[in-house]
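J.: The listed protein sequences correspond, in order, to chains A and B.
10 is the number of the first residue of the first sequence in my numbering; add one for each residue after it.
7 is the number of the first residue of the second sequence in my numbering; add one for each residue after it.
Keep in mind that a hint or two might mislead.
Result set (DSBU-like, lysine-lysine): computed pairs, CA atoms no more than 30 Å apart in a straight line [stated by the list, open to error]:
#1 A/Lys110 - B/Lys26
#2 B/Lys47 - A/Lys110
#3 A/Lys60 - A/Lys110
#4 B/Lys61 - A/Lys110
#5 B/Lys47 - B/Lys72
#6 A/Lys60 - B/Lys26
#7 A/Lys79 - A/Lys113
#8 B/Lys47 - A/Lys113
#9 B/Lys61 - A/Lys79
#10 B/Lys20 - B/Lys47
#11 B/Lys61 - B/Lys72
#12 A/Lys79 - A/Lys105
#13 B/Lys61 - A/Lys113
#14 B/Lys70 - B/Lys47
#15 B/Lys26 - A/Lys79
#16 A/Lys105 - A/Lys60
#17 B/Lys47 - B/Lys26
#18 B/Lys70 - B/Lys26
#19 B/Lys70 - A/Lys60
#20 A/Lys105 - B/Lys47
#21 B/Lys72 - A/Lys110
#22 B/Lys70 - A/Lys105
No wet-lab data here; the hints were simulated from the structure.
Everything numeric in this text was worked out from a predicted model, so none of it was measured.
Take a look at the letters that make up each chain.
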Amino acid sequence: GQQLNQSPQSMFIQEGEDVSMNCTSSSIFNTWLWYKQDPGEGPVLLIALYKAGELTSNGRLTAQFGITRKDSFLNISASIPSDVGIYFCTPGGSEKLVFGKGTKLTVNP
Amino acid sequence: GAVVSQHPSRVICKSGTSVKIECRSLDFQATTMFWYRQFPKQSLMLMATSNEGSKATYEQGVEKDKFLINHASLTLSTLTVTSAHPEDSSFYICSASRDANTEAFFGQGTRLTVV
């Protein structure tokens with residue numbers, strides 16, 4: 010079956026630092042989605058990637074779809090306290106989403 | 007954007023009772039809705055796919071007689087946890103999308119505590 014690995018599992022950073030996290034899969038996909046989940050809330054879509062090699066930005070967030078279509082990374086620049094939460098990746102392309110285990114981000118003021 | 011609303015956001019019930027959770031797409035029609043369960047410090051695990059006008063499709067290991075899903079209209083799906091036990095305590099989240107080619111929007115989740 011499909012294996013989805015997300016790393017790191019957790020990160021503790023200082024406000025203002027940049028952050029990078031990634032997802033890898035054993036399968037090839039046509040879409041990668043990155044979601045953020047605040048404590049006690051449902052996930053919110055941050056960035057959607059639809060083409061291999063695609064680099065997309067959303068404010069301080071940048072995500073790239075790997076050339077092999079088996080991986081993706083998400084960067085957050087100049088982190089702020091409200092970036093705290095859990096970031097999930099999921100290969101999209103169908104309604105049925107399978108989520109990685111998430112990267113829990115803690116930002117110290 | 008698209009808005010998906012869940013109700014209630016929190017519920018506490020006694021063991022053996024049933025609890026109904028509603029998921030509504032407020033500004034779009036969703037042919038398909040999904041129900042997820044999330045235990046503390048874990049990822050979202052898909053429980054079932056809810057299709058309007060037909061029976062839900064359950065993931066392996068999810069008891070369909072315990073987690074009753076009804077998708078009565080294009081904007082409403084309900085999940086009923088029957089004969090709830092403390093181990094059913096979890097965060098239940100629904101999602102909905104307009105079609106297979108668009109992203110899914112998530113509800114805010116329902117925190118179920120069974121005492």
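J.: Could you run down the list of hints and mark each one as holding or not?
T.: Hint by hint, here is what the structure shows:
In summary, the hint linking A/Lys110 to B/Lys26 is supported, as the alpha carbons are separated by about 27 Å, within the 30 Å threshold. Restraint check: the Cα-Cα separation between B/Lys47 and A/Lys110 comes to about 9 Å, which is no more than 30 Å; the hinted pair holds. The straight-line distance between the Cα atoms of A/Lys60 and A/Lys110 is roughly 23 Å, inside the 30 Å bound, and the hint therefore holds. Pair hint B/Lys61 plus A/Lys110 holds up; C-alpha atoms about 29 Å apart against a cutoff of 30 Å.
Of the pairs offered as hints, the one joining B/Lys47 and B/Lys72 holds, with about 24 Å between alpha carbons and a cut-off of 30 Å not exceeded. The hinted pair formed by A/Lys60 and B/Lys26 fails the criterion: a straight-line CA distance of about 40 Å is larger than 30 Å. Proposed proximity of A/Lys79 and A/Lys113 is supported: the alpha carbons are some 22 Å apart, at most 30 Å. Using a Cα cut-off of 30 Å, the hinted pair B/Lys47 and A/Lys113 holds, with the two alpha carbons roughly 9 Å apart.
The straight-line distance between the Cα atoms of B/Lys61 and A/Lys79 is roughly 33 Å, outside the 30 Å bound, and the hint therefore fails. Using a Cα cut-off of 30 Å, the hinted pair B/Lys20 and B/Lys47 holds, with the two alpha carbons roughly 24 Å apart. Of the supplied pair hints, the one linking B/Lys61 and B/Lys72 holds, its CA atoms being roughly 14 Å apart against a limit of 30 Å. Between A/Lys79 and A/Lys105 the CA atoms are separated by roughly 18 Å; this keeps the pair inside 30 Å, and the hint holds.
For the hint pairing B/Lys61 with A/Lys113, the CA-to-CA distance comes to about 36 Å; that exceeds 30 Å, so the pair is violated. Only pairs whose Cα atoms come within 30 Å are accepted, and B/Lys70 paired with B/Lys47 is accepted, the gap being roughly 25 Å. Distance restraint check for B/Lys26 and A/Lys79: the Cα-Cα separation of roughly 39 Å exceeds the 30 Å cut-off, and the hinted pair is therefore not satisfied. Annotation: proposed proximity of A/Lys105 to A/Lys60 holds, straight-line Cα distance about 19 Å (limit 30 Å).
Distance hint between B/Lys47 and B/Lys26 is fulfilled; the C-alpha atoms sit about 24 Å from each other, no more than 30 Å. Restraint check for B/Lys70 and B/Lys26: the C-alpha separation of about 14 Å stays at or below 30 Å, so the hint holds. For the suggested pair B/Lys70 and A/Lys60, the alpha carbons sit about 37 Å apart, so the restraint of at most 30 Å is broken. Only pairs whose Cα atoms come within 30 Å are accepted, and A/Lys105 paired with B/Lys47 is accepted, the gap being roughly 22 Å.
Only pairs whose Cα atoms come within 30 Å are accepted, and B/Lys72 paired with A/Lys110 is accepted, the gap being roughly 26 Å. Using a Cα cut-off of 30 Å, the hinted pair B/Lys70 and A/Lys105 holds, with the two alpha carbons roughly 18 Å apart.
In summary, the structure is inconsistent with hints 6, 9, 13, 15, 19 from the numbered list given earlier, while agreeing with the others.
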